[in-house]
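Chemist: One-letter residues, chain by chain:
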Amino acid sequence: MEIKKGIAVSPGVSIGKSLIVDSEDYRIPRREIESSQRILEIQRVRNAFRDAVEELNQLEAGQGQAGSKQIRDIFAVHMRFLRDRSLRRRITDVIHAESVTAEYAVSTVLREIAAHFTDVKDAYISERAADIYDIERRLLRQLLGTKREDILHLREEVVVVARELSPMQTAGFNRDYVKGMATDAGGRTSHTAIVARSLGIPAVVALEDLTEVVRGGDLVIIDGNRGIVIVNPDEETIRQYEVYSREFVALEHKLDGIREKPSVTRDGVRVRLLGNIEFPDEAQVVLQKGGEGVGLYRTEFLYLNRPTEPVEQEQYEAYAETVRVFKDKPVIIRTFDLGADKYTQSRRVAPEPNPFLGLRSIRFCLQNLTMFKTQLRAILRASVLGPVKIMFPLITNIQELMQAKMILHDVMEDLDEEGIAYNRDLDVGIMVETPSAALTASTLARDADFFSIGTNDLTQYTLAVDRGNELVSTLYSAADPAVLRLIRTVIQDAHKTQIDVSVCGETASEPEYVMLLLGLGIRTLSLTPPMIPEIKQVIRSVTIEDCNHLAREVLAMNSERQISGYLRSAARKILPEAF
Amino acid sequence: MLTGEEVLEKLVSQTTVEIRNPNGLHLRPAMQFVDLASQFDCEISVSNGQITVDGKSIMQMSTLVATYGTRLQVRAEGPDAEKAVETLRDLMETSPFGEPPEGKA
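Line order of the protein sequences matches chains A and B.
331 is the number that numbering that gives the first Met the number 0 gives to position 332 of the first sequence; each next residue is one higher, with no gaps.
56 is the number that numbering that gives the first Met the number 0 gives to position 57 of the second sequence; each next residue is one higher, with no gaps.
Honestly, the hints are just simulated from the structure, not real lab data.
This structure is a prediction, so every number in the text was calculated from the model and none was measured.
Idealized CB from N, CA, C, for every residue including glycine.
Keep in mind that the hints are not guaranteed to be accurate.
[Stated by the list, open to error] Label pairs and their computed distance ranges (CB to CB):
#1 A:355 with B:94: 41 to 49 Å
#2 B:11 with A:98: 35 to 43 Å
#3 B:67 with A:53: 33 to 41 Å
#4 A:355 with B:50: 25 to 33 Å
#5 B:89 with A:118: 29 to 37 Å
#6 B:69 with A:218: 52 to 60 Å
#7 B:88 with A:67: 27 to 35 Å
#8 A:153 with B:11: 20 to 28 Å
#9 B:93 with A:34: 33 to 41 Å
#10 A:406 with B:69: 53 to 61 Å
#11 A:69 with B:67: 15 to 23 Å
#12 B:42 with A:155: 49 to 57 Å
#13 B:49 with A:95: 54 to 62 Å
#14 A:155 with B:67: 53 to 61 Å
[Unchecked claim] One-sided and incomplete, this derived list gives chain B residues near chain A with beta-carbon spacing under 8 Å:
#15 16
#16 20
#17 30
[Said to hold, decoys possible] So these bits of chain A aren't anywhere near chain B, every CB distance computed over 12 Å:
#18 3
#19 83
#20 97
#21 152
#22 399
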């Protein structure tokens with residue numbers, strides 16, 4: 000039995016067999032196998048070589064004579080390695096002698112070869128190690144790709160263990176079988192955390208070396224309440240957790256009881272609670288939990304886990320399905336937020352050195368007009384089915400907003416000409432998630448029908464902290480005075496121009512922040528659906544007067560530590576049961 | 000016995016060459032070497048004095064990481080050994096892998 004401590008990011012407890020999801024982007028840990036399994040792993044290596052050769056042939060054929068001589072040379076070198084029998088033998092010998100997985104053997108052997116290069120003084124030669132790493136990745140992609148296929152066809156319940164999970168990987172998860180997640184890396188707002196919360200399954204992140212401790216099939220307990228993961232628990236521990244797990248489910252049911260009660264503060268102020276969703280089938284969860292619509296419909300899922308671009312009709316059907324579920328309740332559809340960690344990088348020939356400051360989100364759409372217009376057409380067509388709103392992400396200046404709106408009008412004119420119905424008066428708003436947008440909110444408010452504050456990116460860009468990097472993630476906090484001042488500015492400017500303003504970041508689902516946001520003037524929150532009952536409970540326990548007082552106190556404070564401490568103790572005083 | 004030794008001698012050929020292209024025996028030249036070596040029936044081994052590798056395997060050749068000025072011993076054994084060594088020496092010395100003698104590729 001081994002107990003690991005990490006950060007709890009999604010509540011609940013689950014006990015299950017582990018399924019390890021490795022990634023070609025990270026070092027593959029050494030994992031031993033039964034000696035009877037060696038023959039299977041050796042066969043997997045053979046298949047991986049065969050499939051990698053096939054993939055390379057196709058890539059080359061697709062390239063034709065168009066590619067530069069340099070690229071053709073790189074392909075040629077890769078091909079020689081993939082056809083080199085002594086390389087393959089060296090890898091299968093490792094599996095045979097050490098009883099390890101195919102992934103580990105491939106990785107070790109190619110890294111040994113690369114080490115020959117890096118040890119050399121000559122800079123040009125030592126840089127050739129990168130070519131060897133490319134070949135390693137090419138083979139790992141084949142090995143892991145077939146494993147990813149396996150995840151799509153799970154037949155038993157598992158808990159997923161990984162170094163880090165990408166949107167590409169989680170898009171393939173089948174909720175009926177994936178019962179929990181645990182990762183080495185990540186923080187409170189990493190992708191794993193967001194997905195786990197929206198699926199309503201427990202998750203613990205920042206476990207550092209969990210993937211090196213667990214073997215595939217080991218029994219694992221994921222305690223998403225305390226941030227603990229237990230590998231191969233003893234019988235006594237399993238019994239304790241089974242009891243604890245039942246009690247937790249009972250508490251959840253109690254919270255579900257407030258679903259029908261209105262979301263108003265003790266002094267009678269209404270607060271609208273909307274859901275953040277990613278997949279159409281999450282729409283039902285929003286309604287079950289008492290949500291009054293969708294404040295953030297992420298549409299990137301349409302692009303994930305598939306080789307081709309989604310056509311207009313597919314997109315329309317996905318949007319229409321969701322809009323129909325909500326009938327007369329609002330659905331805010333956010334246009335593609337691709338780029339940075341999502342989708343675009345893996346398909347680029349050369350990854351951007353700084354993707355979060357690169358061609359992502361609305362910038363990516365404005366440079367890929369065909370794709371952007373297709374999405375806008377699909378959304379507009381769905382707008383006759385219910386109160387649909389469009390939201391543009393990552394706006395940094397007024398020109399971007401004007402350009403995006405101009406393209407929307409072009410698409411409307413096209414639909415007019417074709418006689419296709421849509422709602423001409425649909426609201427068009429923006430996400431305020433960059434310091435530049437927050438500081439120019441008064442200008443942007445004149446051309447936007449609503450603001451939605453994305454506190455995750457706003458915090459990251461304001462504090463210059465990568466929220467997924469464990470080395471600096473402690474610096475990441477929405478309670479930083481700089482972030483709070485920007486949020487206050489945005490709310491004030493929205494009120495002055497009389498447009499709606501809501502918060503759709505992670506802060507909207509954290510009880511101590513909710514009081515502060517209400518005190519700053521927020522009356523609409525959009526959050527991960529499973530948290531709606533708990534946040535409604537918070538709203539029903541406070542008065543706006545308390546919240547206003549708390550906001551005034553906080554805005555006078557100068558340090559993040561002071562503010563977060565104050566928020567916690569205030570919340571504990573007012574809502575002892577929530578903590 | 001005598002005839003036997005004569006036959007053996009004919010079948011083995013070897014030479015020592017110095018890497019002349021400025022970037023050394025990196026992956027592309029190694030590939031050229033392997034491609035050329037693979038055209039012959041004889042067995043070809045290459046040694047840098049520390050390790051000896053199969054001249055027809057790019058993986059093994061790349062582990063030589065021969066930089067500019069490295070001396071390599073090429074040894075061929077088989078019916079076309081002599082021709083093989085001659086052709087490979089030509090690739091490495093007379094026209095060092097088709098690369099310009101100066102400047103980095």
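Chemist: For each hint, tell me whether it holds in the structure or not.
Modeler: Against the structure, the hints come out as follows:
no.: 1; hint: A:355 with B:94: 41 to 49 Å; verdict: 48 Å, holds
no.: 2; hint: B:11 with A:98: 35 to 43 Å; verdict: 41 Å, holds
no.: 3; hint: B:67 with A:53: 33 to 41 Å; verdict: 37 Å, holds
no.: 4; hint: A:355 with B:50: 25 to 33 Å; verdict: 45 Å, violated
no.: 5; hint: B:89 with A:118: 29 to 37 Å; verdict: 30 Å, holds
no.: 6; hint: B:69 with A:218: 52 to 60 Å; verdict: 54 Å, holds
no.: 7; hint: B:88 with A:67: 27 to 35 Å; verdict: 31 Å, holds
no.: 8; hint: A:153 with B:11: 20 to 28 Å; verdict: 59 Å, violated
no.: 9; hint: B:93 with A:34: 33 to 41 Å; verdict: 52 Å, violated
no.: 10; hint: A:406 with B:69: 53 to 61 Å; verdict: 59 Å, holds
no.: 11; hint: A:69 with B:67: 15 to 23 Å; verdict: 21 Å, holds
no.: 12; hint: B:42 with A:155: 49 to 57 Å; verdict: 51 Å, holds
no.: 13; hint: B:49 with A:95: 54 to 62 Å; verdict: 27 Å, violated
no.: 14; hint: A:155 with B:67: 53 to 61 Å; verdict: 58 Å, holds
no.: 15; hint: 16; verdict: 18 Å, violated
no.: 16; hint: 20; verdict: 10 Å, violated
no.: 17; hint: 30; verdict: 5 Å, holds
no.: 18; hint: 3; verdict: 38 Å, holds
no.: 19; hint: 83; verdict: 5 Å, violated
no.: 20; hint: 97; verdict: 19 Å, holds
no.: 21; hint: 152; verdict: 35 Å, holds
no.: 22; hint: 399; verdict: 42 Å, holds
The structure fails to meet hints 4, 8, 9, 13, 15, 16 and 19 from the earlier list, while all remaining hints are met.
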